[in-house]
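**Student:** The listed protein sequences derive, respectively, from chains A and B.
Sequential numbering from 6 applies to the first sequence in this note's numbering.
Sequential numbering from 4 applies to the second sequence in this note's numbering.
What the hints contain is simulated information worked out from the structure, not anything from laboratory work.
Treat the hints with caution; some may be incorrect.
What the hints assert, rightly or not - Examples of chain B residues lying across from chain A (beta carbon under 8 Å, computed):
no.	residue
1	Gln26
2	Leu33
3	Ile36
4	Ser78
5	Ser79
6	Gln88
7	Leu90
8	Gln145
9	Asp173
10	Leu178
11	Tyr180
12	Ala190
13	Leu194
14	Leu195
Just so you know, even glycine gets a beta-carbon here, dropped at the ideal spot from N, CA and C.
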Amino acid sequence: MTEPRTLSEKIWDAHVVESPLADAARREALGAEADAGPQADLLYIDLHLVHEVTSPQAFEGLRLSGRTVRRPDLTLATVDHNVPTIGRDQPNPDPLSATQIQVMSDNCREFGLPLYGIFDTRQGIVHVIGPEQGVTQPGLTIVCGDSHTSTHGAFGALAFGIGTSEVEHVLATQTLRQSRPLTMSVEVTGQLGPGVTAKDVILAIINEIGVDGGVGYVIEYRGEVIRSLSMEGRMTVCNMSIEGGARAGLIAPDETTFEYVKGRPRAPQGEDWEQAVEYWRTLPTDEGARFDREVVLDGAAIEPFVTWGTNPGQSVQIGDVVPDPASFEEPTRREAATRALEYMDLEAGTPIREIAIDRVFLGSCTNARIDDLRAAASIVEGKQVASSVHAMVVPGSGLVKAQAEQEGLDAIFTAAGFEWRDAGCSMCLGMNPDILLPGERCASTSNRNFEGRQGPGGRTHLVSPPMAAAAAIAGRFVDVRELA
Amino acid sequence: MDPVSRVVGKAIPLNRANVDTDQIIPAKYLKRIERTGYGPFAFEAWRADPDFVLNNPAYEGAPILIAQQNLGSGSSREHAVWAIQGLGVSALIAPSFADIFKNNCFQGGVLTVELAQEDVDWLMARAEETPDAEIEVDLESQTVRAGPGWERSFEIDAFRKYRLLRGLDDIGMTLEYEADVERFEEARSPLLPTVAAD
Chain A
6 MTEPRTLSEK IWDAHVVESP LADAARREAL GAEADAGPQA DLLYIDLHLV
56 HEVTSPQAFE GLRLSGRTVR RPDLTLATVD HNVPTIGRDQ PNPDPLSATQ
106 IQVMSDNCRE FGLPLYGIFD TRQGIVHVIG PEQGVTQPGL TIVCGDSHTS
156 THGAFGALAF GIGTSEVEHV LATQTLRQSR PLTMSVEVTG QLGPGVTAKD
206 VILAIINEIG VDGGVGYVIE YRGEVIRSLS MEGRMTVCNM SIEGGARAGL
256 IAPDETTFEY VKGRPRAPQG EDWEQAVEYW RTLPTDEGAR FDREVVLDGA
306 AIEPFVTWGT NPGQSVQIGD VVPDPASFEE PTRREAATRA LEYMDLEAGT
356 PIREIAIDRV FLGSCTNARI DDLRAAASIV EGKQVASSVH AMVVPGSGLV
406 KAQAEQEGLD AIFTAAGFEW RDAGCSMCLG MNPDILLPGE RCASTSNRNF
456 EGRQGPGGRT HLVSPPMAAA AAIAGRFVDV RELA
Chain B
4 MDPVSRVVGK AIPLNRANVD TDQIIPAKYL KRIERTGYGP FAFEAWRADP
54 DFVLNNPAYE GAPILIAQQN LGSGSSREHA VWAIQGLGVS ALIAPSFADI
104 FKNNCFQGGV LTVELAQEDV DWLMARAEET PDAEIEVDLE SQTVRAGPGW
154 ERSFEIDAFR KYRLLRGLDD IGMTLEYEAD VERFEEARSP LLPTVAAD
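If we strip away everything but chain A, and leave its shape as in the complex, we get (with noise of 0.2 Å):
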């Protein structure tokens, strides 16, 4: 009998190629050199998704030291976060984002990597691609060079974000060195009101835990809300573990989850399907199992989120107000509530419908899955963008956008006044021509509020889908619940 464990553990256990702690022999071989050598077990990798702007350096220390790399077959490439997002049949205007992009066409050809390439109707944000193909699945661990590769935790795969030196080592070797992760459950009981998103549910768990709340640890979300989530919001939810510090944030596989992956082009077919499942089914924590922090929340109290802040983590209600920063007792909270109003150009006690915004943004890994965009639609339908505003919708990749023109999306957004674009990260991060304006203000259903992320000196508010299209309308932030 073994000991009860967590679904993280289950798949970090599965994935262990050599464990220096665990194995007593070679320690005892090694004698007092054991001290000094890994202390980290070396982990296997069973999907590298790899895009244009955190390989180039990696794929240059390969050629350097004359390594190639290990699983091709393991490894995706796409290009995302760089690419421009309107007038893909024209020279690229941006030398340098044009030489970034044929870099990484040239690496995969040199290594022999499969590339989804700017003209590929499969190209889109890394974290919607492989779900999309059926390739993340449960009980896999996944890597990116980006921090929001926990998005594909919602499988029930265990899903990090890793930096380009780490590139270049799973490139080389498909294994990682790391350190065991501590154990969070967050648990959402109850259900979720009319109008209120995956988006909101994650915007509440990190107003709760606070931007640094995971650090080193792995989040498990669990509960009622969890379970009835479609997969699209699951991902969304995983997608922002990151914004409160944990590196990776994974949900149990269930039918909802078979339900999803099956039929696409790299799940498992015929008797390999059943099979599949027959071992996904055995992933869920187990009963008795313990979490190093468990965190409650009450999925019924959860409303539309909206940030105010320079943080993910700095959000209230859509009833509220502009908080007031001396109500912070922690000093750091308080100094960077201060610096974070002065940033945003807000007052304290403004109540947030109130604020106008100049930009919408409906896209990034967090939200611009089909799910999303039909939410947002929704909303938009026979309305108007309000004159003041000027809004986009960046699909998260070429087969949502292939898909919502099939079901009539586009020519809702455009005869309302959006603009309608290809796929990439766009103006989730400001690396393509797709940046607010210094001053202006956005709301956007992207994933971080940073300074200065969206362009210098713009402004963002983090909010659900139906959130930003029905601020699109109005001109400001609205209640979504009372357009109903």
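Following the hints, complete the assembly by docking chain B onto the known chain A.
**Tutor:** Just chain B now, with coordinates in the frame of chain A:
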């Protein structure tokens, strides 16, 4: 990687919490495909304020930077570490660091020293009041010294310390476990997905 053992010098007091990697290096500079040359763009937006600490010539040449909790939060961009190195900084002191950033610092040979909040506050105040005051971070003995009688120890994973002191190549070390990796791969389920070209 060059070996790292001891960092001595002035310290820049960056008295802010949750300093994110977008501040350390804005996304627009991530289009470059090199590992070096990011120093001039580090903290670009904050440097536009003449009163920002990095604009104070008193801290010129400081190899240490002190900040508040959750230093390096947000994006996984290792460019943030390269930018900090570009400033000439090779040791960071804070009450806590974001996980990915901490790993990236280790990869680049930048020391991340976690001290108790009160010790960070004390060093911060000292660096603010006396910019010339030196701090010594010694990896071998895992200690931070600041003036006579002020000494604190810090924790570091023994393997990381071993590697930093010798400047060893992480990939080279892992490749020594090739046989283990091969054994693991032979035992992997054939049902697991691949992305091999279709």
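**Student:** Restraint: glutamine 145 (chain B) near chain A, CB-CB cut 8 Å. Satisfied or not?
**Tutor:** Constraint on glutamine 145 (chain B) not satisfied, violated at 14 Å.
**Student:** Given a cut of 8 Å on the nearest C-beta pair, is the interface hint for glutamine 26 (chain B) held or broken against chain A?
**Tutor:** holds (6 Å)
**Student:** Measuring from the C-beta of alanine 190 (chain B) to each C-beta in chain A, is the shortest one below 8 Å?
**Tutor:** violated (10 Å)
**Student:** Return the status of the interface hint for serine 79 (chain B): holds when the least beta-carbon distance to chain A is below 8 Å, violated otherwise.
**Tutor:** This hint holds: serine 79 (chain B) lies near chain A, its Cβ roughly 4 Å from the closest one there, short of 8 Å.
**Student:** At a threshold of 8 Å, is the proposed contact between leucine 178 (chain B) and chain A supported by beta-carbon distances?
**Tutor:** With Cβ-Cβ at 6 Å, under 8 Å, it holds.
**Student:** Would you settle whether the hint for isoleucine 36 (chain B) is holds or violated, based on the nearest Cβ-Cβ distance to chain A being less than 8 Å?
**Tutor:** holds (4 Å)
**Student:** Are leucine 194 (chain B) and chain A close enough, Cβ to Cβ, to be under 8 Å, as the hint says?
**Tutor:** With a closest approach of 5 Å, the leucine 194 (chain B) hint holds.
**Student:** Next item in the hint list is leucine 90 (chain B). Is there a CB on chain A closer than 8 Å to its CB?
**Tutor:** violated (18 Å)
**Student:** Does serine 78 (chain B) pass the interface hint, meaning its C-beta sits closer than 8 Å to a C-beta of chain A?
**Tutor:** holds (5 Å)
**Student:** Per the CB criterion, is aspartate 173 (chain B) less than 8 Å away from chain A?
**Tutor:** holds (6 Å)
**Student:** Interface hint check: leucine 195 (chain B), Cβ to nearest Cβ on chain A, cutoff 8 Å. Holds or violated?
**Tutor:** Leucine 195 (chain B) check passes; min Cβ-Cβ to chain A is 6 Å, inside 8 Å.
**Student:** Does leucine 33 (chain B) meet its interface restraint, that is, does its C-beta lie within less than 8 Å of any C-beta in chain A?
**Tutor:** holds (5 Å)
When the structure is compared with the earlier hints, violations turn up for hints 6, 7, 8, 12 and for no others.
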